[in-house]
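Q: One-letter residues, chain by chain:
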Amino acid sequence: MKKIIVDPPVSDTRRDRVERQLFAQLQAVRLNDRADAVIPPPRRNRRAIGLAFAACAAAAALYFTTRDGDHRGGGPVASPSRVVTPVGGSSQVSVPGARLDAKSDTNFVWQEGTDGSITITLERGAVDCDVDPRKGKAPFRVIAGDVKVTVVGTRFTVTRTPNPRVDVAHGTVKVEAPGGVWLVEAGQRWPAAQTASVEPAAEEPPAAEEIEMDPVQVHRRAPAAKKPAQVTTATPGPAAEQRELEERSYRVALGLEKTDPHAAAELYRAIVTSGKSNAATALYALAELHLNKLKNPRATLDDLDELTQKFPGKFQEEAAWLRVQSWRAMGKRDEARGAAADYLRQFPHGTYAEPAARLTK
Amino acid sequence: MGLSIVERPAPEDDAQLIAACVAGDAAAQRRLFRREYPRVNATVYRIVGSAKDTDDLVQETFIAVFRGLTRFRGDAKLSTWIDRIAVRVAFHHIRGRGRPAVPLDLVGDLESPGGATDDKAHARDGLRRLYAALAELSPEARTAFALFAIDGRSISEVAQLTQTSFVAAKCRIWRARREVMKRAAQDPVLAEMVKEEDR
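Keeping their order, the protein sequence lines are chains U and Y.
In terms of the working numbering, the first sequence is residues 1 to 361.
In terms of the working numbering, the second sequence is residues 1 to 199.
These are calculated hints, taken from the structure and not from any lab test.
By construction, the Cβ of each residue, glycine as well, lies at the ideal position given by its N, Cα and C atoms.
Errors might be hidden in some of the hints.
To be verified - Quick list of the computed label-pair ranges, beta carbon to beta carbon:
id, chain 1, residue 1, chain 2, residue 2, range
1, U, Thr259, Y, Ala19, 54 to 64 Å
2, Y, Gly24, U, Met330, 33 to 43 Å
3, Y, Lys77, U, Gly187, 45 to 55 Å
4, U, Asp16, Y, His122, 23 to 33 Å
Bound conformation, chain U alone:
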């Protein structure tokens, strides 16, 4: 057989990039005194290595560096910590508020922010994260390339190689990626299918469980009963999917409001930021949440200002009344009275006309 010519990619730019990244990694490793390098032992034969992996998987073959000191104090963190597992190895790592199981052939860096947030940058492989509920705490994030996963208190796995993937075992996570924001619930995967093949995929209709590839849109019930529910007028197939997603998301949103309102607020904010069709609904929901659950009427007023500015005409009546309630919650009687008068001017026969009239007297 003749030698097959396969010319490797060669360019100074490429080499410089690799060099830069390599020495940055080495520098990061040097910062960690407890670096304990492990190169997988030389392979003698397949059988022997199989036995070796079986025997030593838990103990050896871990290249794990971490900074000195106790992370659980939540103080500022000077440098990131890198965890590398070789092929066949795995490692369990505890970080504040979470336990991480780094799978075989994984490379990630975790860092605790000054606000107590945990950020994991997954460079390679897969990491299984068992995260305590983040009630009121700064976010726990996993970044895998362009994809950012924010945790709400859950158990999930993020895989970087070959393409970013998120598998959620319990709870819900928010996935931000180019093209949108997704809520991924227990038992779901994002994205539902990976396509790495050169060959074009067969034109098959997606299975029912693959609906999760579509952005999940949190749809909150319209606050005023008289408002009709927004029903999409798209073709029956997508409409059914959309409805299912909205119902599912609605349950997620409600559940989160009860169990972790901070996380719910973050999810609503993500939807607002994403600019999806239900962004106005999410923003109104956020305003309500700030007032009723998070007891932050000032934030509610800010949300309502934003709602008026970004989505003129949306939730006008509800927003006007929520403004009244916010001023009252802040103990500002005059402002509440003024807001009630505004409400009455706009909606003299509105749902809240009576209480508004009482307030103005």
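With chain U fixed as given, assemble chain Y onto it according to the hints.
A: For chain Y alone, coordinates are given in the frame of chain U:
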């Protein structure tokens, strides 16, 4: 025009370079990286067939090299020791991925001797088919075959780099070759890539 004698810098002694690298001399580490990069890059690329993965794996290789230099006993040449690490890293990569899809980024990496667009496209197509065939092999056979048939190593070198016996390396190459040729029998583009040399 007169001739002048320019004293070439003597090739840096491996022992000195290793000592400097172990001592944490970043400049020495960079010298070692730049000296070894082209060969490591080529070897890894020829095994995995993906430029993107190659960059990551080359980094991984050199991290392993710099962290393992203290354990380098000098039994083999430094370049051989580094190649062995590179092969091991690439091998673990393809084994960890199971039967990977053909890397998309083969397209664009290939240099075609003719330079014509059609030739390039044809060559790329051939490479894609070759790596599709290799993806069907066991990681051991694929690694041995890539080192032998693509990277141009001798069977002895393949045995050394994959840390197997000469006979085992030869068997792996032979089996891989048989599978590739079987596939080439039904694929003229692949057949053109791997056809026997005219004697």
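Q: Okay, which hints does this one fail, numbers in order?
A: Checked against the structure, the only hint that fails is number 2, while the rest are satisfied.
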